[in-house]
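Visitor: Take a look at the letters that make up each chain.
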Amino acid sequence: MKEKLLTGLIYFLTTGLGIFAYIYPLLETADQGILSSNRQNELPIMMAMILALCSVVLIYEIQQYRLNTKLIALLGILIAINSTLRFIDLTLPVLGGFSPVFFLILITGYVFGGRMGFLMGSLTMLVSALITGGVGPWLPNQMLTAGWVGLSAALARRIVLLTHQEKKPGEWITLLIFGFLWGYLYGAITNLWFWPFLSGPSNQQFAPGSNFLVSMRNYGVFYLATSLVWDTTRAIGNLLLILFFGKATIKVLRRFQKRFYFVHLGEEN
Amino acid sequence: MIRIDQLTYRYPGAEKDAIQINELLIPAGKFCLVIGESGSGKSTLLRLINGLVPHFTGGTLGGQISVAGLDPVKSGPQMMSRQVGFVFQEVENQFVVDIVEDEIAFSMEQAAIPRSEMQTRVKQILRKLNLENLKTRKVDSLSGGEIQRIAIAAALVLEPKILVLDEPTSQLDPLAAEEVLILLKQLQQDLGLTIVMSEQRLDRVLAYADMVVILSPDGQLREVGLPQAVIQKCALKPPIVQLAEKRGWFPVPLDVEQARKFNQDEKFESREKTSFEITSQALIEVQHVHVNLGKCVVLKDIDFSLHAQERLVLMGPNGAGKSTLLRTLLGLIAPNQGEILFKGKKIEFEHTAELSYNIGYLPQDPNALLFSETVQQELETTLRNHQIPVQTKSLEHLLTQLNIQTKASAYPRDLSTGEKQRVALGAVVVTHPEIIILDEPTRGLDQQTKNALLELLLEWNQNGKTILLVTHEVEFAAAFASRILILEDGQIISQGDPRKIMRTHPRYTTQIARLYPETDWLTLNDLPW
Amino acid sequence: MNVHTYAWLAWLISGLVVLTTTRNPLIILLVDLILILFQVWITPPSKKFMGTTLRFGLSVLVLSTVLNMFISRFGQTILFNLPTNIPLLGGNYTLEALIYGLTNGLILIGMFTLFMILNQVVSVHALVRLIPQAFHPVAVVTTIALTFIPASQKQFQAIREAQAIRGQQLKKLRDWLPLIIPLLIGGLERAMQIAEAMTARGFTAQSDRKIPWFEKTLLPLGLIFILLGWILELSTQLPLSGGWMILAGLLLLLVLFFISGKRVNKSTYVQEAWSQISTWICLFALLLILAFVIKIPGHLVLAYEPYPLVQLPGFSILHGLLTLTLLTPIFLLGEVKHDQD
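Protein chains in written order, with our numbering: chain A, 21 to 289; chain B, 42 to 570; chain C, 5 to 345.
Hint data in this document are derived by calculation from the structure and do not stem from the laboratory.
One should not assume that every hint holds.
[Said to hold, decoys possible] DSS-like mimics (lysine-lysine), calculated; alpha carbons at most 25 Å apart, straight line: (1) A:267 / C:176; (2) B:179 / C:220; (3) B:115 / C:175; (4) B:115 / B:57; (5) B:541 / B:341; (6) B:115 / A:278; (7) C:270 / B:202; (8) B:164 / B:176; (9) B:164 / C:270; (10) C:176 / A:271; (11) C:158 / C:220; (12) C:158 / B:341; (13) B:176 / C:220; (14) B:179 / C:175; (15) B:336 / C:158; (16) A:24 / C:158; (17) C:220 / A:22; (18) B:169 / B:202; (19) B:169 / B:179; (20) B:176 / C:270; (21) B:57 / A:278; (22) C:175 / A:267; (23) B:202 / B:115.
From a predicted model like this one, the values you see are computed outputs, not experimental measurements.
Given the sequences, and given the hints that come with them, work out the whole structure.
Guide: If you want it as structure tokens, here you go:
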């Protein structure tokens with residue numbers, strides 16, 4: 021029980037810290053001078069550090085208590101497959117932000133649980149960055165957000181279990197909704213990394229206190245202008261992937277699930 | 042070194058024991074060969090030695106096993122890794138790191154051996170196995186034989202007393218296999234290693250073994266003892282042993298060298314050479330084909346034809362370009378130069394999917410094909426791809442031919458290697474193609490399954506199918522081929538009558554042919570007595 | 005190139021410090037040019053990268069400038085205005101906002117280039133080795149993934165061919181199912197094999213649950229400290245109190261990672277050699293960091309601010325010269341290359 025409370029606390033804190041880190045640039049308060057232009061440069065780096073911290077803490081928590089040899093190998097392979105899928109020339113018209121990686125992250129989280137989903141998400145981003153030469157201050161941001169995609173799949177699972185929709189249309193609808201929403205959310209969250217650079221100092225013509233709303237409005241416009249179309253293709257891509265491959269993929273993972281979770285009792289001694 | 046007492050083991054959820062051994066003793070320093078059909082528990086027995094069974098697999102274990110004075114069940118695989126080096130069957134799948142030296146160091150890192158000592162040991166083991174030039178290479182750039190030797194180096198670097206190998210030569214061509222076996226024998230003698238090895242192909246390994254353990258299909262210990270004594274009780278003997286039995290040679294020779302002393306005085310007239318001519322029509326004509334993959338020249342000026350109702354066998358070492366040639370025939374690779382004609386028509390503008398209607402092609406790894414929920418669906422998928430209506434009767438007939446009629450609703454991936462292969466074969470021949478092409482169909486099969494496959498292919502050929510296959514197994518090739526084609530280094534170096542080819546190329550010849558070089562005998566069936 | 009990864013990291017940090025301590029567009033432009041020069045030098049001529057780099061840089065500049073002009077209507081030099089009755093778009097567009105946005109773009113380009121160079125000069129394996137001991141399982145996951153990617157691509161090709169030879173053609177998205185499922189199953193089967201091989205070679209994951217109680221509380225405790233510290237920092241006028249709490253929280257986490265890293269009883273085979281060049285690179289990086297953090301003569305030009313009325317940015321020759329130290333690796337390695345010839 022105590023154990024559960026502790027891990028619950030960790031998840032609560034890291035999520036809080038992460039969300040806070042993301043909306044912090046939107047909270048800019050000119051009167052306090054926190055974001056006077058001199059400090060504005062540091063923001064993305066600071067944000068990257070906080071987000072890295074969140075990812076690191078969550079990864080640590082999960083690997084410390086949940087990973088056995090089989091799951092380590094499983095994760096390594098799933099990540100490799102996901103990275104492979106990413107670079108396949110699909111011979112189909114692929115537009116904008118479509119990326120097949122979220123599909124497997126979501127499904128892994130759904131079948132193997134939120135923690136595996138988190139690792140799957142964040143480490144997929146890490147490995148992809150490593151092989152494409154994409155390591156940078158934007159990486160923690162991608163890792164945490166993709167991790168959340170996988171983590172949230174546990175929520176989808178819970179919803180399905182609570183409404184007794186297993187292997188019924190409800191299960192698919194839930195997954196489809198999750199995939200669709202994450203198509204947009206992933207873009208909206210990861211774009212926040214650029215935001216401090218692009219937002220400029222706050223407009224002092226507005227009454228203090230409404231700054232958050234102004235920032236939100238500005239961000240909204242920024243998002244609509246730069247990402248909406250891009251993210252729509254991702255959302256629709258997720259939708260199609262889950263629609264066509266979801267059932268079969270879940271079936272395959274379920275077949276293997278038992279074999280991966282087995283731990284011989286002697287091993288713990 | 043290894044002592045087993047009243048041992049039983051059952052996999053989780055299984056209905057009967059995978060293995061039941063009342064008593065088995067493998068003394069230190071012996072080269073012990075474990076044989077038996079697939080499913081007889083060879084792998085299970087090997088995994089008991091280092092505690093992978095039951096620590097990795099779960100299940101219930103009864104009785105006692107002691108290895109190098111330890112109980113692997115109590116000690117667990119981590120502690121046993123200091124005593125037992127393990128080389129797995131699909132060796133390329135066991136690598137964790139992609140650089141040779143790092144891969145070899147992996148087990149030492151787990152054992153927290155200091156860096157300087159690791160460096161010395163890596164150097165030593167590479168020198169010992171003559172692999173120094175591979176130290177910094179990437180694993181995926183190595184040949185099959187090299188990979189096998191790296192895996193052995195990685196298994197030995199913790200200086201274990203026992204080396205366990207699960208079918209180490211099954212993926213290798215005969216030359217590479219021979220090299221690995223010689224290396225093992227040498228390690229056994231130099232380091233005093235105890236070697237326990239499972240194997241399907243007895244003809245080449247028997248002579249290296251000091252003792253043989255035969256497991257029966259239900260996982261019981263059938264025989265144990267000296268190879269000469271035990272082999273006679275084995276159901277499937279290599280040709281040389283069968284010959285010795287017929288001729289009453291004693292002690293039983295295990296390879297051609299040992300058999301020579303019995304047949305020294307026997308002299309035979311070379312039989313009248315039958316002229317070798319192909320009269321049937323050419324189905325596939327390959328005309329001066331060159332293929333480059335990337336910067337690499339893989340095929341050079343390939344020129345041959347496949348004639349109707351032929352049984353053509355393509356042989357050659359790994360990396361000679363055999364698979365590339367087959368893929369080129371199917372239009373999967375476009376030749377850089379030259380033409381391929383199918384029934385007189387150029388194939389270059391035909392899609393592989395259309396070609397495959399008339400040419401059934403079974404790739405090396407049947408797993409690449411299988412994805413359906415049931416065997417039945419797997420066959421239907423191919424028909425659907427070709428827009429052919431499903432006829433239950435003909436499907437049933439095919440499944441019966443393939444001897445998987447009882448598995449029609451089974452999940453293909455759960456079947457045994459041999460069954461999976463027959464499902465894949467079914468999936469490519471369900472359109473009743475005129476030509477069937479098979480890429481190393483005997484890989485990983487036990488002797489019974491191989492024989493069944495041989496009979497099936499011969500029967501299909503009798504019924505008018507033209508068959509082209511690639512194999513390393515000379516005995517299989519000799520029993521099957523109506524013509525042999527040898528590919529080395531991307532070139533056809535020889536083609537023609539098996540009797541002629543096998544006698545002119547000693548690397549591709551059978552035990553019988555080697556024992557009686559003056560004759561044109563290839564298999565036991567050719568013998569006059 | 006025998007520059008130690010740590011030296012490259014020091015170099016990276018010095019570059020980041022420069023880019024985060026100044027908003028002077030001239031100095032940032034200089035840094036960007038230096039970094040692009042660096043990238044040109046390390047990129048083999050066969051690779052076409054100038055085109056993409058230029059296009060990327062230009063789009064970043066345009067995007068950040070336009071956005072800032074739109075968002076920030078502040079500033080006295082009005083370039084043009086749109087009627088205020090147009091929602092969102094109406095209002096003043098100022099030169100100050102343009103310059104501010106341009107500066108943002110330049111900083112972004114600098115950061116991207118810094119990391120692109122790092123990705124190019126440091127091998128993937130060296131980056132994986134940076135994963136601390138406390139995260140050993142993660143490092144193994146990453147290593148397995150990197151090892152398996154080429155194999156997975158080969159496998160995919162084999163599957164594609166295997167499906168093609170049974171008449172399958174890829175026309176619709178649905179046709180990809182027979183490719184993805186065998187890839188997945190093959191991968192899962194292989195995962196079992198790798199896990200088995202790792203076990204046989206003495207690998208165990210740190211699954212012992214008997215971690216001391218105080219160690220378990222370190223993680224949430226550290227997080228609480230950081231979060232509270234941050235809130236304090238934002239909401240009170242006492243800037244230091246929050247900073248200390250954040251620092252304390254970070255320290256707690258570091259202690260935790262250190263302790264659990266020590267518990268991982270494994271050694272590492274590969275060791276990078278430290279070279280003299282690495283020492284020099286580190287020293288110059290330190291020099292650069294100090295120069296931009298300490299208030300040396302000329303530091304006032306660093307804090308350039310276009311608002312409320314734009315002025316010409318000043319330039320400090322000393323700082324300008326110091327940014328040239330970012331080229332240290334080129335000079336040092338250039339010499340080495342000549343020695344080898």
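Visitor: It remains to establish, for every hint, whether it holds in the given structure.
Guide: Hint by hint, here is what the structure shows:
Restraint check: the Cα-Cα separation between residue 267 (chain A) and residue 176 (chain C) comes to about 17 Å, which is no more than 25 Å; the hinted pair holds. Of the supplied pair hints, the one linking residue 179 (chain B) and residue 220 (chain C) is violated, its CA atoms being roughly 41 Å apart against a limit of 25 Å. With a C-alpha separation of about 56 Å, the suggested pairing of residue 115 (chain B) with residue 175 (chain C) is violated against the 25 Å cut-off. For the proposed pair residue 115 (chain B) and residue 57 (chain B), the alpha carbon gap of about 24 Å is at most 25 Å, so the pair holds.
A distance of roughly 24 Å separates the Cα atoms of residue 541 (chain B) and residue 341 (chain B); the hinted pair therefore holds under the 25 Å criterion. At roughly 24 Å between alpha-carbon atoms, residue 115 (chain B) and residue 278 (chain A) fall within 25 Å of each other, so this suggested pair holds. For the hint linking residue 270 (chain C) to residue 202 (chain B), the alpha-carbon distance of about 22 Å falls within 25 Å, and the restraint holds. A C-alpha spacing of about 9 Å is found between residue 164 (chain B) and residue 176 (chain B), which places the hinted pair at or below 25 Å, so the restraint holds.
Taking the CA atoms of residue 164 (chain B) and residue 270 (chain C), the gap is near 20 Å; set against the 25 Å cutoff, the hint holds. Taken as a hint, the residue 176 (chain C) and residue 271 (chain A) pair is honoured in the structure, with Cα atoms around 22 Å apart against an allowance of 25 Å. With a CA separation close to 43 Å, the supplied pair residue 158 (chain C) and residue 220 (chain C) exceeds the 25 Å bound. Proposed proximity of residue 158 (chain C) and residue 341 (chain B) is supported: the alpha carbons are some 24 Å apart, at most 25 Å.
Only pairs whose Cα atoms come within 25 Å are accepted, and residue 176 (chain B) paired with residue 220 (chain C) is rejected, the gap being roughly 42 Å. Only pairs whose Cα atoms come within 25 Å are accepted, and residue 179 (chain B) paired with residue 175 (chain C) is rejected, the gap being roughly 36 Å. For a cut-off of 25 Å, the pair hint linking residue 336 (chain B) to residue 158 (chain C) stands: about 17 Å separates their Cα positions. With a CA separation close to 43 Å, the supplied pair residue 24 (chain A) and residue 158 (chain C) exceeds the 25 Å bound.
Of the pairs offered as hints, the one joining residue 220 (chain C) and residue 22 (chain A) holds, with about 11 Å between alpha carbons and a cut-off of 25 Å not exceeded. Taking the CA atoms of residue 169 (chain B) and residue 202 (chain B), the gap is near 16 Å; set against the 25 Å cutoff, the hint holds. In summary, the hint linking residue 169 (chain B) to residue 179 (chain B) is supported, as the alpha carbons are separated by about 20 Å, within the 25 Å threshold. About 22 Å separates the Cα atoms of residue 176 (chain B) and residue 270 (chain C), which keeps this hinted pair within 25 Å; it holds.
Restraint check for residue 57 (chain B) and residue 278 (chain A): the C-alpha separation of about 20 Å stays at or below 25 Å, so the hint holds. For the proposed pair residue 175 (chain C) and residue 267 (chain A), the alpha carbon gap of about 21 Å is at most 25 Å, so the pair holds. The straight-line distance between the Cα atoms of residue 202 (chain B) and residue 115 (chain B) is roughly 19 Å, inside the 25 Å bound, and the hint therefore holds.
Of the numbered hints given earlier, the model fails hints 2, 3, 11, 13, 14, 16; all others are met.
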